[in-house]
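A.B. asks: Protein chains in written order, with the numbering used here: chain C, 1220 to 2252; chain H, 23 to 595.
Hints in this document: simulated from the structure, not taken from any laboratory.
It is possible that some hints are incorrect.
[As the list claims (entries may be wrong)] Keeping only pairs whose Cα atoms sit at most 25 angstroms apart, straight-line, the calculated BS3-like set for lysine-lysine is: (1) H/K590 / C/K2050; (2) C/K1524 / C/K1606; (3) H/K585 / C/K2024; (4) H/K82 / H/K72.
Just so we're clear, the structure is a prediction, and the values are computed from it rather than from any experiment.
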Amino acid sequence: MLILVKTGYAATRDTTVTPGNKNTDWITGTVVNQDGNTITGATVSVKGNTNAVKTDENGHFEISAPQGTVLEFKAANYDVDQVTVGDTKKLNVRLTGTYLTKSDNIDVLYGSQSTESVLGAISTIYTNQLTTTPASLYVYALPGQLPGLYTQQTSGFTSFKTSPLSVASFGSNFVQSTSQNNQYSDNSEITLNLRGQTPITVIDGVQREISSIDPESIESVSVLKDALSSILLGINSSRGVLLVTTKKAEAGKTTIGFTTEYGLQQSLGLPTPLPAYQWAYLYNEALTNGGAAPLYTAADFNAYKNHTDPTGHPDVDWFNTILRKTSPIQSDKLNVTGGNEVAKYSIGLSYFDQSGIFNESPTSGYSTNNNLDRYIINSDVSVQVNKNLNVNLQLFGRVQQTTEPGGTNSDGSGIPAILQTLYGTPNNAYPVYNPNGSFGGSTLGGLYSNNLLAMSEYSGYIQDNTDDILANLDLNYDLSSLTKGLTLKLTGNLSYQSENVLNRSLTNSAYSYSPIDSNYTVVGATAAQQNAFATVFTTRQTYAQAALNYNRQFGKSGVTALLMYDTKSLISNYDLPAVQTDRALKVSYNYDAKYFIEGAVNSSGYNRYTPGHQFGLFYAGGLGWQMGKEDFIKDNFDWISSWKWRGTYGKTGNANIDQYSYYGYTQTYSTSNINWAYYTGTGRNEQFTYYENTIANPYLSWEIGNKFDFGTDISLFKDHLQITGDYYHDKYSDLLQIRGSDVALLGVPYPYENIGINQYTGFEFSATYQNNLDKFNYFITGNISTQASKVIYNDEETPLYPWLKKTGLPVTAIYGYVADGFYQNAAEAAKGAVYGSYTPKAGDIKLEDLNGDGQINQFDIAPIGGLKPLVFYGGTLGFNYDGFSFSVILQGVFNRQINIDNNVTNSFSGLGGFGTAPQGQAYIGASSRWTPETAGVAQLPEVSFANVALNGYNTLTSSFYERNGDYIRLKNAEIGYTLPDTWSSRIRVSSIRVFADGENLLTLAGYAGQDPEVSPDNYPIQRVFNLGISIKL
Amino acid sequence: MKNYKSTILIGLGLITLMVACKKQETFPVDKVTIQYVFDPRDSAGTNALKYLLNIYNVLKNGGNRVGGNYLDAASDDAVSSATGQAVTDLATGTYSSIDLPSDENVWSTTNSTNTFNYWSGIRYANEFVDNIPVVPVMGETNGVSTRYIWQSEARFLRAYFYFELVKRFGGVPLLGNTVYNINDNLSLPRASFADCISYIVNECSAIQDSLVTVPLVSPNSDNYRATKGAAMALKAKVLLYAASPLYNSSTNTNPLLGYTSYDPTRWQAAATAAQALINLNTYSLDPSYLNVFMQQNDPEVIFIRTVDNGTTIEKDNGPVGFPSNLAQGITSPTQELVDSYPMMNGLAITDPTSGYDPNNPYNNRDPRLGYNILYNGHPWLNTTIATYEGGANKPNNGQQQTVTGYYMRKFMGPQETQNNYANHDEDWVIFRYAEVLLDFAEAQNEVEAAPGGDVYAALTALRKRAGIAEGTGNYGLTAGMTQSQMRTVIQNERRIEMPFEEQRFFDIRRWQIAPTVMNTPLMGVTINNSNGNLTYNYVPVLTPKFTAPKMYVYPIPYDEVLKNPNMKQNPGW
């Protein structure tokens, strides 16, 4: 919208028209925003007339406009409004913020930079693009909106930690995680992938993992994708940055905004279980196919089908029994800002409450359904102490409580246990209740030791409490007295995070009822309600930064420089502090805002590397050319407003050592545990022995990313059309891998060494068009990204066959057996390759014996997918007309694959909900299994227990189970209406907006059998319908 | 004044920065480093001893070791009662260099429960041998300093680990005392079989006099230690193996797999080594065969791998059908093993004069049959075993149960007269005196033109202890046997004396009888009970497969050959 305003300027040129005489057509008024704050510099013009005025610092304007003419109001980042001049000579006009925001300055690491001088690849979205998404985390709003950022949702609810993260032994060390600070991240639902890497989250200049900030208090979310943009992170700069900037206090009248929302969630992708009689039929078939006698008789089938014997022949749809159809989600937000030029403040309070998918018993004294309750307070005070010194203090606090039912199975407790049991329990396993009112259970195979209803509604609860506090102090001192354009900035940040778990689970016994003798056999032991407490983790982080900034214009030459020192120290539980230190210098020069050059060096170190080898030098540079300012463009193509070329290259680092070892540069020894004690003497004294760990690697170093980015930003047709394109070529080397020649003769495992080389390349393209037809403001923006990868070097064993080679293939390649349909008859199966001691039979998957040795084994594993570059895209479109607003967000991906070798597809082939036990639940898809009659159209192998018991041949990872993972989602849609001023002013509020929005409204997927993102028996992805009202006082 | 205030504020800010620079230790104090394990200031050598114990820990407990089965279930002595077992793969030859059953892949298998492979054991031993000199351990036993004794124990264990590798794979790389580091080239070639044998034997000879001796000074605490007897027993066994037909052969052309010539003096060396241990007069046969496996510091036991006290063996191998003593009955001894036991009079059941009654086949047999095998009618848990079809211990109801009609009895406590299984020692006996006698008899028989009194004496000692009737003085052995006749007797005696002790699996290979015994169906018994009248039918239960000469040794694990250009694969794999 900025561009629109610029156009307005250019068109009118006379920005401060002072009318000569005031006649009857004279109109005066004020232009305000939705908060009621006045807008300075808004353009007011009479439609069809070139005359225009701009509002003054009080938002005031005066213009001559005869009755019946149309006044047009324009301002940067506000939608255009038009008012027909009537009797009223005094107009108060309120402009609505645009959905898409453009800014003269965009946020970069540790500061902001003028948009035109940016050379890196940065994509940004602003508040309005975040707030339409009703969800627990702001990352829910990112899919499809930021080119280059690929997301996948893995769970529909936050994950619980039910035990302390405190195991100090190697292999499960607390410090190990896949991304920096990931273990403290509150985002356990959506994985982020920026040009193939997991980005580092930086919030207001400090590296922290918080995803639950109220979107309304976020100014912008950016991804910094190239080397130059992230180089100030030094040894951690190669993975790109997710940069979150929260709203800062602004001077103006005190404004109070209150938003309340209420929505309903609905689980997506739940499978349809087979009714008991069909399951029994399938079970018989699996028995007979395995050479055993069938179990269920015709009488059984009738009893199951007609529900004549609910105790002896139960048919319980457990999904309907323990899950609710919808569950509420609610949030309330209060924001207060105000102040003057000396002191400004902003306070945000938010409450969020998300309920889970389980039914609750009205009789239990506590809530058992899973639930997330969160309170956040964020305050920001900025004081201009004197003309040179500005002090800014930010305090952030978060109190979060999550609960889940305490249900337990052999593999664990809480939601994962219940969902796993739910997905694995057949409809006829046991009745919900026995005739005497006790919980039904079954002694069969020891599988159903706990009643599902008892697990979800009567098993107590587990509660996770997470508390955060963060204090951030910024001192900005203007050193213009020394030399013009010089400022000093000091930042100190302290944060503390802790999570603890309170376990009040209990277990009820279930009983197996025998109708023959009316006997009740207890199944599974009762466990009294416990009251266990454990600290999951506590972390303390301190961050300090000192930076000298220089920014000055010398004629046509612009110079900026940044000299920076920072240190970050993180202490988690009892680990030694993890300290990163950067000493960086960044310099840029531009001539006439036409030619740009920028460079940065960073001497950056991490204290967990070998002493003496802790620091590395990282650097990046960039060049830019604003071609749009050249005469040959200006003179010949007036529809080109701006055309910038830019390129960056840099050497970045990735200090991911904590994922692989904790002080692994020195040889260490471990004490054996109870399972590995040696017993000496006739008294069998338990002796804990010392053994040597993985061999030390004193040469451990950070991984290196050499990243190249080349892009262009084009602005056309008076800035109505914006196009951005980028190409990147990132080569990551010194990747930590275990050497290929790790022979057993060494006697201990080989460590990770800096060996591998991977390459990621791709294109990113986005285009935005926005314009207005009178008051009808509309926009459409779309982006598409590709991401290809290649293993350049991988110290792999010399492959015996070409298909075993991984070097040269994409990093994302999937390996497995190659399937070629089914063995359609016994004769064909007899000729097939054997798998160990198992000879496949008719109805089994036909796996190709690539090396022709008659055996299916590791030499027949070949790439079966993931070979094409991933392509993902998103689009947003919408309009605003006279208070009505509408927007939709689409998101999609192609060249993606999913594997459906899971317990919904394959419950009768060994992937039941109970590990290898075959008697899992069966779902509607089982009707497409192979039988001699359906051989031609079968989608799944035959069911047979013999196969399961022997080897699980049919569940081997193979191309048989690879499916098209492409999908396109109507991710979000919102419709809103801002009540007319005349209404809101009557109740003395500055504006009222009502809105309805929704999430995951529609999905088209290449494979329809399951949700394309969240795999079965994870917490299902939620569709949300949400209503809200937002009031500004 | 205003600037003054600002200066104070900036100063405060800088102090905030300073706080972050506080020093802490640069290496975590909780990490154990080599200076701590081999502590040059600890005259007790506490941590070094713990390190030594870890080397002992590499020794394997043979009880249900291979995928839950005894290794002997991969020989003609037993089969597994369960389906899909690793031992069955070994018995039927369905394994290759890529899927050698993990518990027998002692070359490269490591898993999460810290079951270290023998290369780990060798590394630990080398590290101990190299580093123990810096620890000022005080004390001495029999004039040998404790430090030197410990070092010798590590060398013994290392020699033992090498032997375990060599008997499975043939010649292996010999690492000496080198502890290899991250940048060292480990593309080592395999040493010849001959070099491996002489390395092991020389190590045994070099250390045997610096180990503790029996009687132990403190038997209650040192019962697990490698003794002089253990080193001599290892030497005798290694030499016996080396002299055996598989290795001691002029038809062998591959030096990795054996000697390339026949040399009769190898038998002499084996006999001498065993004789030397016998002559120590330190060990003697325990008058009770069953007691040997039930107690530590038994006069017969030379070296053990300690195992906790319990009833694991009963639970894994005991007969099914005792509801209060749930057991898996996983080991099913074969009819072949049962038939190899003679009668109480010492005569083989094939001897027409033995008195063997096919209608009452377990009557009047060598007592070791009952000590090692549970058969129909054997007393157990205050009742008798019923393994006839449909009997309590062979119910044929679909649950896992014996497939041969027999259960393993060996290593179990005296449960015949208990109502419930009672805990007992479950130590795995690695060397015992009975084996030394057998080692001697086998080697000496090859040395002499015809077996002399010393060979007979070794066998009669075992038979007498077993409870076979003395008869005319030879405990059923025919007087004046030829060398060849005696060889058969000795091989049979080794089988019936030491079943389930991980002997038979290797014996049938080194005697080169595996192609015969492992290519004929293994049998079990089906007993039909008709109103108390038992009829015995013998049925095949498993068709094993042995491909000679390929399967005399295991394949080197596939990856190891691929990763090491100098690692030669065994022929045929």
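A.B. asks: Each hint needs a verdict: does it hold in this structure or not?
C.D. replies: So, going through the hints one by one against the coordinates:
Taking the CA atoms of H/K590 and C/K2050, the gap is near 33 angstroms; set against the 25 angstroms cutoff, the hint is violated. The straight-line distance between the Cα atoms of C/K1524 and C/K1606 is roughly 84 angstroms, outside the 25 angstroms bound, and the hint therefore fails. For the proposed pair H/K585 and C/K2024, the alpha carbon gap of about 15 angstroms is at most 25 angstroms, so the pair holds. Taken as a hint, the H/K82 and H/K72 pair is honoured in the structure, with Cα atoms around 18 angstroms apart against an allowance of 25 angstroms.
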